[in-house]
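One letter stands for each residue in the lines below.
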Amino acid sequence: MNATPEMNLEPERYELQESPLYHFDLDRRQFFKLLGSGVVVLFFVEAAIAQESGGGGGGRRGGGGQRPMEVSAWLHIGEDGTVTVFTGKAEMGQNIRTSLTQAVAEELHTPVESIRMVMADTELTPYDAGTFGSRTTPDMGSQLHKVAAAAREALMDLAAEHFKVDRATLVVADGKISKNGTKESVTFGELTKGQKILQSVTAATVVTPAKDWKIAGTSLPKVNGRDFVTGKHKYPSDMKLPGMLFGKVLRPAAFEATLASLDTKLAEAMDGVTVVHDGNFVGVTASDVLQAAHAVDAIKADWTTPTGQPSSQTLFDYLRKNAQNPAPPPSLIGETPDGEHRLAQTYTVAYIAHTPLETRAAVADWKDGKLTVWTGSQRPFGIRSDLASAFGIPEASVRVIVPDTGSGYGGKHTGETAIEAARLAKAAGKPVKVMWTREEEFTWAYFRPAGVIDITSRVKNDGTLTYWDFHNYNSGNSGISSPYDIPDQHSEFHQTRAPLRSGSYRGLAATANHFAREVNMDELAALVKMGPLEFRLKNLKNERLRAVLETATKAFGWSDAKSSSGHGYGLACGTEKGGYLATCVEVLAELGGDSITVVRAVSAFECGAVVNPDHLKNQVEGALVMGLGGALSEAIEFSNGKIENPHLANYRVPRFRDMPKIEVVLMDRKDLPSAGAGESPIMGIAPAISNAIFAATGIRMRSMPMRPDGLKI
Amino acid sequence: MPRITELNVNGTRVHVDVDGQRTLLSVLRDDLDLTGTKYGCGEGQCGACTVLLDGSPTRSCITPVGSTSHKSISTIEGLEQNGKLHPLQEAFLRRGAMQCAYCTSGMIMTSYALLQKKPNPSDAEIVQAMNGNICRCGTYLRIIAAIKEGAQALGAK
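If you read the sequences in order, they're chains A and B.
The numbering used here puts the first residue of the first sequence at 1, with every later residue one more than the last.
The numbering used here puts the first residue of the second sequence at 1, with every later residue one more than the last.
There may be inaccurate statements among the hints.
Result set (DSS-like, lysine-lysine): computed pairs, CA atoms no more than 30 Å apart in a straight line [unchecked claim]:
#, chain 1, residue 1, chain 2, residue 2
1, A, Lys179, A, Lys211
2, A, Lys240, B, Lys84
3, A, Lys321, A, Lys234
4, B, Lys118, A, Lys232
5, A, Lys661, B, Lys71
6, A, Lys211, A, Lys562
7, A, Lys232, B, Lys148
8, A, Lys211, A, Lys183
9, B, Lys71, A, Lys176
10, B, Lys118, B, Lys148
11, B, Lys157, A, Lys232
12, A, Lys712, A, Lys562
13, B, Lys71, A, Lys232
14, A, Lys234, A, Lys33
15, B, Lys117, B, Lys71
16, A, Lys529, B, Lys71
17, B, Lys148, A, Lys661
18, B, Lys157, B, Lys118
19, A, Lys240, B, Lys71
20, A, Lys234, B, Lys71
21, A, Lys232, B, Lys84
22, A, Lys370, A, Lys430
23, A, Lys661, B, Lys118
24, A, Lys554, A, Lys670
25, B, Lys157, B, Lys84
26, A, Lys33, A, Lys240
27, A, Lys460, B, Lys157
Estimated spans, in silico, between C-beta atoms of each pair [claimed, not checked]:
#, chain 1, residue 1, chain 2, residue 2, range
28, A, Ala555, B, Lys118, 27 to 37 Å
29, A, Gly429, B, Ser122, 51 to 61 Å
30, B, Lys118, A, Gly698, 37 to 47 Å
31, A, Glu113, B, Lys84, 14 to 24 Å
32, A, Asp278, B, Val14, 37 to 47 Å
33, A, Asp212, B, Gln152, 48 to 58 Å
34, A, Met270, B, Val14, 44 to 54 Å
35, A, Asp157, B, Ala153, 34 to 44 Å
36, B, Gln152, A, Gly698, 39 to 49 Å
37, A, Met270, B, Ser122, 45 to 55 Å
38, B, Arg13, A, Met667, 54 to 64 Å
39, A, Ala649, B, Gln81, 54 to 64 Å
40, B, Gln152, A, Ala253, 24 to 34 Å
It should be emphasised that the hints constitute simulated quantities derived from the structure, not laboratory data.
Quantities reported herein were computed from a predicted structural model and do not represent experimental measurements.
Virtual Cβ for every residue (Gly too), placed ideally from N, Cα, C.
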């Protein structure tokens, strides 16, 4: 539970935790066992590619030589025409259940209503490394396009045989194949009746180009939306099994604390309570949540907490001091040639919490030595492996199911509640649910890493960037390379000893790296008395980034936006994970004032061919709003191994009252492959706000969150 | 606190047998299987657990069930009538006013209560009434649009 060196690995690598080899037994019977006769199409990937869906590098263990192929997704068309799609990806608000359905409907020419997605169930769906890194759309989306296209071709072959005609005379639409120019048609169900056709996608499988999309590329509403507005959808925390008990775990007094003494007599004497003490794990089960809480309160435990743990006050010094390969201080880097300006600045970002509205939850059930767990997680297969190893059982004896979950934002890679519920269920002999309180979520989950960034940069009088030296301590290396054209540039991520357990987060380090870079760019522009837009365009060749910058500033009315005292305009741009973003903001802030108000924000975003315009817009808006929290108010305070603000009352996330006017302009590039989009639109808002605050007040805010006390003179 | 044996939920008297100190949220979810009402913070700070008590939006996570036995309790499950969605539910769908949708029940119940009191709220009144509800996915502006659309649909009825 405590911060461990493994947990503090550079976060992108942290996302790529090794999983045990997964052998998909290609016994054709199993593909028909579940759903009966029909047509089945498989998508194979090299095992290493499946592993890579975390964002690069790292093959699977073992094998050697040729890597094993494994199924990464498949679909079945049954005798009633129902299309069932199997993917290990998890839905937690990105609306991928909808976008992946669109991919299949597009290629199969079948109604959306006839498609059923089976997602994130380790017994039913193929291995998947996890739902992260904005990989669902580029990887799983394109795989399902191919799977569905291959299925369509198989159906065309069957129809040609059925009608005894040439395939070229057939047309497919609305779940049916018809003879061109006649009323004769046959449904998918009629074609698949009694068939057991098993195929896989080949290099010859051709998908529909984005410019010809009819269903993909449209704003199909959330496919199971009705279940959410009626409260019918069962989230992981809503699962209930017959005889189920409620579990609660005794938490240490602080991080790194060890149990000195334990007395559970009072708790054990309570009605219906079972206490489990196993090593450093102490927990209870009871018939309801209140009784479980009373039982934990009745446990007498003494903890020994090591003193001198770092605090949020000393955090940035601590990160720098404990770095493995620290760079020299920025003031000592490089010389300043004549006719150039040199800038050495430091930027920081605080630890922040994902704060998914559904806290971690799991229901665990043991039956005949087999463990089934329902939990909210981005890594069902990783958690299956964690459970197998925690209980010393084979992975085949563990099933992890992820019902559509109450958000994650990168914060639900780990399976704490799954293990806790399983341990308690094992002891109680009954199914057990564990749902973390908000305070537990704030304390015992993991955080977006805090970071310190040093930049030494140089610019010529005419605004040409000449030198760039960028050092990120602890927060990570996504988005670390500058997109600007700088002849002499160096960017480096430095691992350090992190005081808090940290891991993935929406956009991860791209937010910190863009904050530092885009504020520094603004500072350089000011040094040479150039406008922020003009300065960026002068140093930027990347056409896609230029395009969003030009689009956002046009939509915002940048050329007429003249900052004045108390009223500032700022912009920022960047590219990450295949997405291109520019954000402009309008901010009210007075020198010496006590508030920073974002009145308006405009983002232009481009991520290739748009799969679902309204859902993409929703993601960009949501990323912007979430980014507002990290920019202005969110920061985890800690000292002596304790989180000091583990409540929504003192960890302030954006609310209705904080909303600026928001405009999102999407640039649909049907000529380019679709990239993921849930993460990168978060990274522009904070630097744009900092730059607008400077324009309004002359104060440079170089630390996130930017709080009004920074306006004091 | 004495045990509670009967509650009035969504217009129906239902039998329970629970400790009156337990939260209304826990009884609705764990005893009555009305899981549309959510736990978000247990501190009355996020609004995910909002139900109506005699028409007033109430944080069920900090409300002892013992204090609700003589009141009429309305939850998200009671809004749909004879298979027909309430106009607010329709509006949330039409406006795509959700992502993970974990906050949606609380948003709909809070705005339902608002529209009972103020059939045509201004943007400022909506923000005022809704500010205690968190949507961590950040769909606030869509929710405001949905509430206005729901208000219009109700007014046109």
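Query raised in the report: Among all the numbered hints in the text so far, which are the ones the structure does not match?
Result: 3, 5, 6, 9, 16, 27, 33, 34, 35, 39 and 40
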